[in-house]
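Guided by the hints, dock chain B onto chain A, whose structure is given.
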Amino acid sequence: MKRFLYKIGIFGLLVFVLLNGIAFLSLYFLGKSCLYKPQYLQNGVKENQFDYLVLGSSIGLTTLNTKAIDSLTGKRGLNMSMDDTSMGTHYLMLQHYYALGKKTDNVVLTVTPWDAVDSIPELGNNDFQFITYLREDYAYQYYASMEKELFKPLTISTYFPLIGVSYYNVEVFYPSLLATVHPNKRNRFDDRGNYTYPVNTSDLKGKEQEVSKLLFLNPYYKKIVALCKENNSELVVYIAPMYKRQVVLAVDDPKVINHSEFLSDSKLFYDHIHVNHLGRAEASAEFAKEMRILFENGEK
Amino acid sequence: MLFNSLQYLAFLPLVFAIYWGVNNKFLKLQNLLLLAASYYFYACWDWRFLFLLVFSTGLDYYTGLKMKDASTVRIKKFWFWLSIGINVGFLGIFKYYNFFAESFAELLSGFGFQANFWTLQVILPVGISFYTFHGLSYVIDIYKNRIEPERNIVDYSLFVSYFPLLVAGPIERATHLLPQIKKRRHFNYDQAIQGVKQIIWGLFKKVVIADNCAFFVNQLFDQPGNYSASELWLGAVLFAFQIYGDFSGYSDIALGTSKLFGIELLKNFNFPYFSKDIADFWRRWHISLSTWFRDYLYIPLGGSQGGKKMRLRNTMIIFLVSGFWHGANWTFIVWGLIHALLFIPLLLSDNNRKHLSDSAYGLKDLPKVLFTFLLVCLAWVFFRADTLSEAGTYISGMFQFHEMSLNLFLKNGKYVLFSGICFISVSFLLYTEWQHIKTSRAEIQLSKVSLLLLLGMIFFMGAFKNQMSFIYFQF
Numbered sequence: 001m002k003r004f005l006y007k008i009g010i011f012g013l014l015v016f017v018l019l020n021g022i023a024f025l026s027l028y029f030l031g032k033s034c035l036y037k038p039q040y041l042q043n044g045v046k047e048n049q050f051d052y053l054v055l056g057s058s059i060g061l062t063t064l065n066t067k068a069i070d071s072l073t074g075k076r077g078l079n080m081s082m083d084d085t086s087m088g089t090h091y092l093m094l095q096h097y098y099a100l101g102k103k104t105d106n107v108v109l110t111v112t113p114w115d116a117v118d119s120i121p122e123l124g125n126n127d128f129q130f131i132t133y134l135r136e137d138y139a140y141q142y143y144a145s146m147e148k149e150l151f152k153p154l155t156i157s158t159y160f161p162l163i164g165v166s167y168y169n170v171e172v173f174y175p176s177l178l179a180t181v182h183p184n185k186r187n188r189f190d191d192r193g194n195y196t197y198p199v200n201t202s203d204l205k206g207k208e209q210e211v212s213k214l215l216f217l218n219p220y221y222k223k224i225v226a227l228c229k230e231n232n233s234e235l236v237v238y239i240a241p242m243y244k245r246q247v248v249l250a251v252d253d254p255k256v257i258n259h260s261e262f263l264s265d266s267k268l269f270y271d272h273i274h275v276n277h278l279g280r281a282e283a284s285a286e287f288a289k290e291m292r293i294l295f296e297n298g299e300k
Numbered sequence: 301m302l303f304n305s306l307q308y309l310a311f312l313p314l315v316f317a318i319y320w321g322v323n324n325k326f327l328k329l330q331n332l333l334l335l336a337a338s339y340y341f342y343a344c345w346d347w348r349f350l351f352l353l354v355f356s357t358g359l360d361y362y363t364g365l366k367m368k369d370a371s372t373v374r375i376k377k378f379w380f381w382l383s384i385g386i387n388v389g390f391l392g393i394f395k396y397y398n399f400f401a402e403s404f405a406e407l408l409s410g411f412g413f414q415a416n417f418w419t420l421q422v423i424l425p426v427g428i429s430f431y432t433f434h435g436l437s438y439v440i441d442i443y444k445n446r447i448e449p450e451r452n453i454v455d456y457s458l459f460v461s462y463f464p465l466l467v468a469g470p471i472e473r474a475t476h477l478l479p480q481i482k483k484r485r486h487f488n489y490d491q492a493i494q495g496v497k498q499i500i501w502g503l504f505k506k507v508v509i510a511d512n513c514a515f516f517v518n519q520l521f522d523q524p525g526n527y528s529a530s531e532l533w534l535g536a537v538l539f540a541f542q543i544y545g546d547f548s549g550y551s552d553i554a555l556g557t558s559k560l561f562g563i564e565l566l567k568n569f570n571f572p573y574f575s576k577d578i579a580d581f582w583r584r585w586h587i588s589l590s591t592w593f594r595d596y597l598y599i600p601l602g603g604s605q606g607g608k609k610m611r612l613r614n615t616m617i618i619f620l621v622s623g624f625w626h627g628a629n630w631t632f633i634v635w636g637l638i639h640a641l642l643f644i645p646l647l648l649s650d651n652n653r654k655h656l657s658d659s660a661y662g663l664k665d666l667p668k669v670l671f672t673f674l675l676v677c678l679a680w681v682f683f684r685a686d687t688l689s690e691a692g693t694y695i696s697g698m699f700q701f702h703e704m705s706l707n708l709f710l711k712n713g714k715y716v717l718f719s720g721i722c723f724i725s726v727s728f729l730l731y732t733e734w735q736h737i738k739t740s741r742a743e744i745q746l747s748k749v750s751l752l753l754l755l756g757m758i759f760f761m762g763a764f765k766n767q768m769s770f771i772y773f774q775f
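Chains A and B are the protein sequences, given in the same order.
My numbering numbers the first residue of the first sequence as 1 and each following residue consecutively.
My numbering numbers the first residue of the second sequence as 301 and each following residue consecutively.
In isolation and in its complexed conformation, chain A is listed as follows (with noise of 0.2 Å):
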């Protein structure tokens, strides 16, 4: 019994460090590259200071071009949104943002009426992108609270990278081998931060229009809110449009933009609440305009 222990024991043991090894190694290559935003954040994008950074799910990733709006504005600004995110990761990308010692002067929160209204939020799909920076109190604090189940694979992989590595292998352990390979490869957007969904072929007319009312209950909000006035960051909520549905606000603020009905053609959507190409053209022209009035209006 003795020896099956002792040798169950070290074969175990030897087998856990060097997996956490080749873990450590896979976290190591991907927190150098700039495969995901998270890390293109810290490895490639090279200014500190932004006019205004766009904040989102995959709605605020595909509607909001900075480069055109740039052009538009003469203002410089970077889409740090994520696809299949929710408030809560915003509210981490944006204390990774600060955190890497950059500033902005604004902070464009690009919400979804079921978003905001989530009062219990939970842990995003792409949340694991941020693993590399686990040892920042941000990141593990965020994971710490959004892993609600008794294995947090995220959380463990403070002290143990295999656990989190070999959860998220297809998204994190292979990803990394081709960071090592290529560090600067960006995985689906441009060096500002934008990605833009094809023209969809389906057809979208059959929808009936539906009326949806923007109430923030996400108690991440609250903490976007605070996190922009402590760095001086003025916040600008914007509603993307949407195919055939309107978005009423609860509180009529002058920081809200509602492009929520702005277009209606449905050669412009992607679905029913992405935009595609030519979307996203004429949505980030409607957006810069309101931004350039902002601007004038005294805004930092």
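Source of the hints: derived by calculation from the structure; they are not laboratory data.
As the structure is a prediction and not an experimental result, all values here were calculated from the model.
Among these hints, one or two may not hold up.
As the list claims (entries may be wrong) - Taking lysine-lysine pairs in the DSS-like style, the calculated list, with each CA pair at most 25 Å apart, reads:
| # | chain 1 | residue 1 | chain 2 | residue 2 |
| --- | --- | --- | --- | --- |
| 1 | B | K748 | A | K7 |
| 2 | A | K102 | A | K222 |
| 3 | B | K738 | B | K576 |
| 4 | A | K152 | B | K714 |
| 5 | B | K711 | A | K185 |
Relative to chain A, chain B alone:
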């Protein structure tokens, strides 16, 4: 509690430690501990069904004793049929009632009658087919005077409920398992090491092969009309490996776990995809079930004793019942029927035992192995599809040869990655099995390097985020 869950990772070492550490010298305590652990293991699924398991165990235990003590054949028969009736009745109610009620209602509506049969909205108790078959074999063996009834209720209960085999087999026999339960067990280093290796091998099959293949299989079977013939063929092949990895992986973990407690379970798989014909396949696939049907259905029906007509009838029955055992759905019955139709030509030409003792492989066997695998894959389509019409759509799509593409497998980086994982893991499986076949090794043997490689593959290729339940739990 899944074998590939964290819960089990804590449960197994704990039971192992108490079993050998505290109870080492007392067989009764060891058995009691295993029984308590087994009931806890089962209760983790749904504690309410624990009562059913205990009742079923108590019934077979009691009727076994009553049959032994019966003063007349009539009384013995009474207890025998009582046990059979209640066991099969439970199985019928929980597993098949809705199927029969709905099928009968559909049949009547076909004749223009409207019948709304009351259907039971019950959850199928996990493992009911497996532990019912344990009990049935025990009762039949006593009735046929093959064994003596077990008088120790703990030992008997452990035979039925032993946690490694409780929810998905292998289906044990009293003649094989009970003597091991009753015998004093000593820790055996080699057996325990082999157990750990088998658990790791099983985990690899389940977490790496089965769950990654499921990624494509689920998409292809959900909407077969959207995919080309080549994609559907590949989907059928992947399902063959998914179900093999899933079920044989479970069996390996069960056998490996049991070895840690000094108990050997019946082997359930013997490299089935290296079969040279369908008869050979059935000697290698789910062995504990096929031998159960052979011993408790085929032979009592007359087996191979009668003429060809009788053998044909018995073969047809055994395959149909085997299909139906898997689930209350016409798809399983058709799956059984297909295997029967593939088996019958071998039976009629007296070739069904051709490869019984033929373990050597040559290049000439490759076409036979490939052809058998192809037939098995086609039959798997019915096993996997939810309805016969879906299976029909899938099969017809497989033969639309003008549409040949592998777009699904190369859709984007993630899909290419999954394709690569499936290809590498299946190749590794086949290579390892081939090495074992070549050297006539029945049990999986893994060197330290192979083990390290396997563990690396489990951690870096395993599908942990989208974990799937074991397919055979539903049976």
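Going through the hints against the structure:
1. For the proposed pair B:K748 and A:K7, the alpha carbon gap of about 11 Å is at most 25 Å, so the pair holds.
2. Between A:K102 and A:K222, the direct Cα distance comes to roughly 21 Å. Compliance with the 25 Å bound is thereby established for this hinted pair.
3. Distance check on the hinted pair: B:K738 and B:K576 sit about 15 Å apart at the alpha-carbon level, within 25 Å; holds.
4. For the hint linking A:K152 to B:K714, the alpha-carbon distance of about 24 Å falls within 25 Å, and the restraint holds.
5. At most 25 Å may separate the alpha-carbon atoms for a hinted pair to count; B:K711 and A:K185 meet this at roughly 20 Å.
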